[in-house]
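As they're listed, the protein sequences go chains A and B. This note's numbering puts the first sequence at residues 1 to 203. This note's numbering puts the second sequence at residues 1 to 407.
Derived by calculation from the structure, the hints in this document are not laboratory data. Please note that the accuracy of each hint is not assured.
[To be verified] Distance condition first, Cα-Cα at most 25 Å in a straight line; then the derived DMTMM-like pairs of lysine to aspartate or glutamate:
no., chain 1, residue 1, chain 2, residue 2
1, B, 227, A, 94
2, B, 371, A, 168
3, A, 161, B, 274
4, B, 257, A, 168
5, A, 164, B, 250
6, A, 164, B, 290
7, A, 72, B, 252
8, B, 246, A, 114
9, B, 307, B, 252
10, A, 161, B, 244
11, B, 246, A, 73
12, A, 164, B, 245
13, A, 164, B, 252
14, B, 227, A, 91
15, A, 161, B, 345
16, A, 161, B, 291
17, A, 164, B, 274
18, A, 164, B, 275
19, A, 164, B, 253
20, B, 227, B, 274
[As the list claims (entries may be wrong)] Reference excerpt, derived from the structure (chain A facing chain B, CB under 10 Å, subset only):
no., residue
21, 11
22, 18
23, 19
24, 25
25, 39
26, 41
27, 43
28, 48
29, 115
30, 119
31, 128
32, 130
33, 134
34, 153
35, 164
This structure is a prediction, so every number in the text was calculated from the model and none was measured. Even for Gly, the Cβ is constructed at its ideal location relative to N, Cα and C.
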Amino acid sequence: MKKISTLNHISILSFAFVAIVVIINLFTTNNYGRSNSAVVSMMQEDYLLNYHRLYSILSSGGNDYLFVDLRKEEVFEKGHLPNSVNIPMNELLERSHLRTLRRSGGKTLVLYADQEATAHSARYLLLSGGLDVPVKVMAGNYEMAVDVAVEVFQPAYAAFKDEKARFDYRRYMGGAAKSTEPAKPTGIIPEVSQQTLGAQGGC
Amino acid sequence: MAPFIPEGIVNPQLNLFFALLLGIGFGWVLEQAGFSSSRKLAGVFYGYDFVVLRVFFTAGVTAMVGLLFLSFMGWIDMSLVYINPTYLWSAIVGGVIMGFGFILGGYCPGTSIVAATVGKIDAMLFLLGAMLGMFVFGHFYNAWEPLYTGNFLGHPFIYETLGMPRSWFAFLLVMMAVVAFAVTQKIEDNVNDTPAEIIQQRPSYILQGSLLIIAIVAFLFLPEQRKSNARELSPQQLLAMVQDEKRYVDTEEAVYKILNEDRNFTLIDVRQADDYAHFSLPGAVHITADELLGRRYRDFFRDNNGKKVFYGFGESEAEKAWLTASRAGFENVYVLRGGLNGMFDTLFNGNDKPEDKNDLTEGFRVRFLTKARQMFLEGEAIKTEAAAPIPVRTIIELETPGGRGGC
Numbered sequence: 001m002k003k004i005s006t007l008n009h010i011s012i013l014s015f016a017f018v019a020i021v022v023i024i025n026l027f028t029t030n031n032y033g034r035s036n037s038a039v040v041s042m043m044q045e046d047y048l049l050n051y052h053r054l055y056s057i058l059s060s061g062g063n064d065y066l067f068v069d070l071r072k073e074e075v076f077e078k079g080h081l082p083n084s085v086n087i088p089m090n091e092l093l094e095r096s097h098l099r100t101l102r103r104s105g106g107k108t109l110v111l112y113a114d115q116e117a118t119a120h121s122a123r124y125l126l127l128s129g130g131l132d133v134p135v136k137v138m139a140g141n142y143e144m145a146v147d148v149a150v151e152v153f154q155p156a157y158a159a160f161k162d163e164k165a166r167f168d169y170r171r172y173m174g175g176a177a178k179s180t181e182p183a184k185p186t187g188i189i190p191e192v193s194q195q196t197l198g199a200q201g202g203c
Numbered sequence: 001m002a003p004f005i006p007e008g009i010v011n012p013q014l015n016l017f018f019a020l021l022l023g024i025g026f027g028w029v030l031e032q033a034g035f036s037s038s039r040k041l042a043g044v045f046y047g048y049d050f051v052v053l054r055v056f057f058t059a060g061v062t063a064m065v066g067l068l069f070l071s072f073m074g075w076i077d078m079s080l081v082y083i084n085p086t087y088l089w090s091a092i093v094g095g096v097i098m099g100f101g102f103i104l105g106g107y108c109p110g111t112s113i114v115a116a117t118v119g120k121i122d123a124m125l126f127l128l129g130a131m132l133g134m135f136v137f138g139h140f141y142n143a144w145e146p147l148y149t150g151n152f153l154g155h156p157f158i159y160e161t162l163g164m165p166r167s168w169f170a171f172l173l174v175m176m177a178v179v180a181f182a183v184t185q186k187i188e189d190n191v192n193d194t195p196a197e198i199i200q201q202r203p204s205y206i207l208q209g210s211l212l213i214i215a216i217v218a219f220l221f222l223p224e225q226r227k228s229n230a231r232e233l234s235p236q237q238l239l240a241m242v243q244d245e246k247r248y249v250d251t252e253e254a255v256y257k258i259l260n261e262d263r264n265f266t267l268i269d270v271r272q273a274d275d276y277a278h279f280s281l282p283g284a285v286h287i288t289a290d291e292l293l294g295r296r297y298r299d300f301f302r303d304n305n306g307k308k309v310f311y312g313f314g315e316s317e318a319e320k321a322w323l324t325a326s327r328a329g330f331e332n333v334y335v336l337r338g339g340l341n342g343m344f345d346t347l348f349n350g351n352d353k354p355e356d357k358n359d360l361t362e363g364f365r366v367r368f369l370t371k372a373r374q375m376f377l378e379g380e381a382i383k384t385e386a387a388a389p390i391p392v393r394t395i396i397e398l399e400t401p402g403g404r405g406g407c
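Excised from the complex, chain A in its bound form (with noise of 0.2 Å):
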C-alpha cells in the first residue's frame, strides 16, 4: 500500500505545481484582449483611408463609416467631419468610449487626430483590448483633410499618406563621398501623387 500513496502524492504534487503556475499567470496577467504578436498581424493589414476614399464616403453620405475623433474637446467643438464622435485620446480607453465603439452597429471605424501617428497608435491600443470592428485610419490630419476632401477634392493628395518618400535620400546622404563634387539639393519629389486613380478619381 506504501507504493501506492507515494504514487498518489506526486500526482497530487505535480498537478498542484501546474494549478499554481496556471493560477499566478491568469493574475499577473494584464488586461489584454489580444496578444502582442496578433495586434502586430493586424497592424500589418492595409487599414489606411486615403482622402480619395474619404472623398468618396463623404460625398456618399457614409452611413457605414463612425469616424473617431482623437484630438481634445474643444478643437471638436469647433470643426470636425461629420458622423464623428469625440473620444480625446487620453480617455480612450475608458469603458463608455469603449461600450460606444463596440456596438457601432457594424460600422467601420475611421480614426483620425493631429497626426498620422496619433491615430495609428489609437488602432494599436483598441486592438490590443480586444476590439473586435474593423478600424481603419485616416491618413494624415483633420486639417489637411478639410483642405483636400472635405469642402473640394484635390486629386493631388488622393494617396497622400505619412509613410511616404518626400526626398530622394541618396542625394544628401549615402556615397556622396565617392564624388569629389558636392551633390546638389535639389531631389526633393513634388508632393504630388504619382498614382493613376482611374476614372473614379472624383474629378
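Keeping the supplied structure of chain A fixed, place chain B upon it in accordance with the hints.
Just chain B, lined up with the frame of chain A:
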C-alpha cells in the same frame, strides 16, 4: 526542450545530447512496459493483455496535456514543432505493410529495436528484415515515388478536420482514454478469468483519473495562449506613454549622434526591406515591427545600454514598432520625430541664418544644422574606410569641412 532552450536557459547546441537522453528514456519505458515481448504486443488483438493500448494512450494524453500547458504559458513555439506531413496513399499502403509485418513478426519497428537490445533473436531477424526493406525501398525509390508522394494533404490536425476547437478535441480524447482504460481492464479480466481477490487488491487510479479530467476541463476554459505575459506593460501605462513626448528623439540629437558615431545610439529602420536597401541612415539596422518580437532580436532589445531609435519615412511605422516594443516591456526605445521626412526637412530645408539674431539658442541650433548639412552633403559624415574618430568638439567648431577627417 521547451521551455529551457527557447528561454535561453539551455544552450541549443546541447540538443543532440538531450535527444540521446530522451531516446534512452523512450527505449527504457518501452522495455519496462513489456514491449520487448511479442506476446504482450499481440495480446491486444486477442484481448488478454491491453498494455499496448494503455501505454500509448497514456503517452499520447500526457504529451497532449503537456503541450496544452506549455503552449498556454508561451513556452513552446508550436510552429517549430515538427509534424509529420500526410501523404494519403503512402500512409495507407505503408500502414498495410506495417500491419502485415506486425502480424508476421510480432513487433513494430521501435519495439523490435528494444527487443533486439535485450537479446531477443527473433527481434534481431526482424530488424534485419526491416533493413532489407529499407534497402529495397531506397534502391527502387524512383519506381514508387509517385505513390510515395501522392495525394499530399499538408499537415492536417484532426481537430481542424473535424472543425472543433483544439481544447475540445483534447477533452474528448482524454475522456476516451479514461473510458478505454476502464473498459479494457474489464475485458482483460473476463478473458483471463482473473480471480476476484486480485481485482480487489489492485491499486485504484481514481485520483489520477479525476485530476487528469479536472486539468483537461480547466484547459477548456483557458485561452490557447496567454494574451500577455508578466513582462508586458498594461494598456493604461502604454496610453500614458503615448501621450507624453519622452519617446521622441529630435533631428538635432539624431544628427549629432550619427556624426559622432555614438555607439550607445542605435537607429532601427522599420521600413520595407527594399526601402532600407535603397537608402538608410548611417549605421541603421533593419528590423520591421513584425520581426522585433522574434527570438532573434530579444537580446538586442533587452540590453538596456543606449537608445534604440525607430524611424520610418514618417512617424507612423516607427510609432507602431515603438508601441509593440514598449508593450513587450523593452526599455530605452524611442521614435525619431517626424521620421526621415521630418529629419531631412529640418536638416536640409532649414534656414542658414537664424531668424532672430538675439536668440542665442536658436542661432546655435542653426549653425549646428548648417554644419551638419555641409558634412552630409560633402560626404564627410559617411566614411568609406575607418578613419580617426572625430572628436566631439569638431562638429561644432569645424569651419571648412574639407576632406581631411575633421582635425
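Consistency of the hints with the structure:
The straight-line distance between the Cα atoms of residue 227 of chain B and residue 94 of chain A is roughly 20 Å, inside the 25 Å bound, and the hint therefore holds. With a C-alpha separation of about 20 Å, the suggested pairing of residue 371 of chain B with residue 168 of chain A holds against the 25 Å cut-off. Taking the CA atoms of residue 161 of chain A and residue 274 of chain B, the gap is near 19 Å; set against the 25 Å cutoff, the hint holds. As the CA atoms of residue 257 of chain B and residue 168 of chain A are separated by approximately 22 Å, the hinted pair is consistent with the 25 Å bound.
The hinted pair formed by residue 164 of chain A and residue 250 of chain B meets the criterion: a straight-line CA distance of about 20 Å does not exceed 25 Å. Of the pairs offered as hints, the one joining residue 164 of chain A and residue 290 of chain B holds, with about 19 Å between alpha carbons and a cut-off of 25 Å not exceeded. With a CA separation close to 29 Å, the supplied pair residue 72 of chain A and residue 252 of chain B exceeds the 25 Å bound. Restraint check for residue 246 of chain B and residue 114 of chain A: satisfied, since their Cα atoms lie roughly 18 Å apart, inside the 25 Å limit.
Restraint check for residue 307 of chain B and residue 252 of chain B: satisfied, since their Cα atoms lie roughly 15 Å apart, inside the 25 Å limit. Note on residue 161 of chain A and residue 244 of chain B: the hinted pairing holds, with a Cα-Cα distance of about 24 Å set against a maximum of 25 Å. For the proposed pair residue 246 of chain B and residue 73 of chain A, the alpha carbon gap of about 24 Å is at most 25 Å, so the pair holds. For the hint linking residue 164 of chain A to residue 245 of chain B, the alpha-carbon distance of about 23 Å falls within 25 Å, and the restraint holds.
Taking the CA atoms of residue 164 of chain A and residue 252 of chain B, the gap is near 22 Å; set against the 25 Å cutoff, the hint holds. Straight-line distance between C-alpha atoms of residue 227 of chain B and residue 91 of chain A comes to about 23 Å, which keeps the hinted pair within the 25 Å bound. For a cut-off of 25 Å, the pair hint linking residue 161 of chain A to residue 345 of chain B stands: about 16 Å separates their Cα positions. Distance restraint check for residue 161 of chain A and residue 291 of chain B: the Cα-Cα separation of roughly 23 Å lies within the 25 Å cut-off, and the hinted pair is therefore satisfied.
The hinted pair formed by residue 164 of chain A and residue 274 of chain B meets the criterion: a straight-line CA distance of about 13 Å does not exceed 25 Å. Between residue 164 of chain A and residue 275 of chain B the CA atoms are separated by roughly 10 Å; this keeps the pair inside 25 Å, and the hint holds. In summary, the hint linking residue 164 of chain A to residue 253 of chain B is supported, as the alpha carbons are separated by about 23 Å, within the 25 Å threshold. Taking the CA atoms of residue 227 of chain B and residue 274 of chain B, the gap is near 33 Å; set against the 25 Å cutoff, the hint is violated.
Taking 10 Å as the C-beta contact cut-off toward chain B, the hint placing residue 11 of chain A at the interface holds, the least distance being around 5 Å. Given hint, residue 18 of chain A at the interface with chain B, holds; its Cβ is 6 Å from that chain's nearest Cβ, closer than 10 Å. Interface hint at residue 19 of chain A: satisfied, since its Cβ lies 8 Å from the closest Cβ of chain B, which is below the 10 Å cut-off. Annotation: residue 25 of chain A was flagged as interfacial toward chain B, and the flag holds, the nearest CB pair being 6 Å apart, inside 10 Å.
With a least beta-carbon distance of about 8 Å to chain B, the hint placing residue 39 of chain A at the interface is held under the 10 Å criterion. The beta carbon of residue 41 of chain A is positioned within 10 Å of a beta carbon in chain B (closest approach about 6 Å), and the interface hint is therefore held. Satisfaction of the interface hint for residue 43 of chain A is found here, the shortest Cβ-Cβ separation to chain B being roughly 5 Å, below the 10 Å cut-off. The restraint placing residue 48 of chain A at the interface with chain B holds, with a minimum CB-CB distance near 9 Å, inside the 10 Å limit.
Interface hint status for residue 115 of chain A: upheld, as the beta-carbon distance to the closest one in chain B is roughly 7 Å, under 10 Å. For residue 119 of chain A, the interface hint holds, since its Cβ comes within 10 Å of a Cβ in chain B; the closest pair sits about 8 Å apart. Checking residue 128 of chain A against chain B by beta carbon gives a least distance of about 6 Å; that is within 10 Å, so the hint holds. The beta carbon of residue 130 of chain A is positioned within 10 Å of a beta carbon in chain B (closest approach about 8 Å), and the interface hint is therefore held.
Nearest Cβ of chain B to the Cβ of residue 134 of chain A: about 18 Å, over the 10 Å cut. The hint is violated. Below 10 Å, beta-carbon pairs count as interface contacts, and residue 153 of chain A has none with chain B, the closest being about 23 Å; its hint is therefore violated. Interface hint at residue 164 of chain A: satisfied, since its Cβ lies 6 Å from the closest Cβ of chain B, which is below the 10 Å cut-off.
Comparing the model with each earlier hint shows violations of hints 7, 20, 33 and 34; every other hint is respected.
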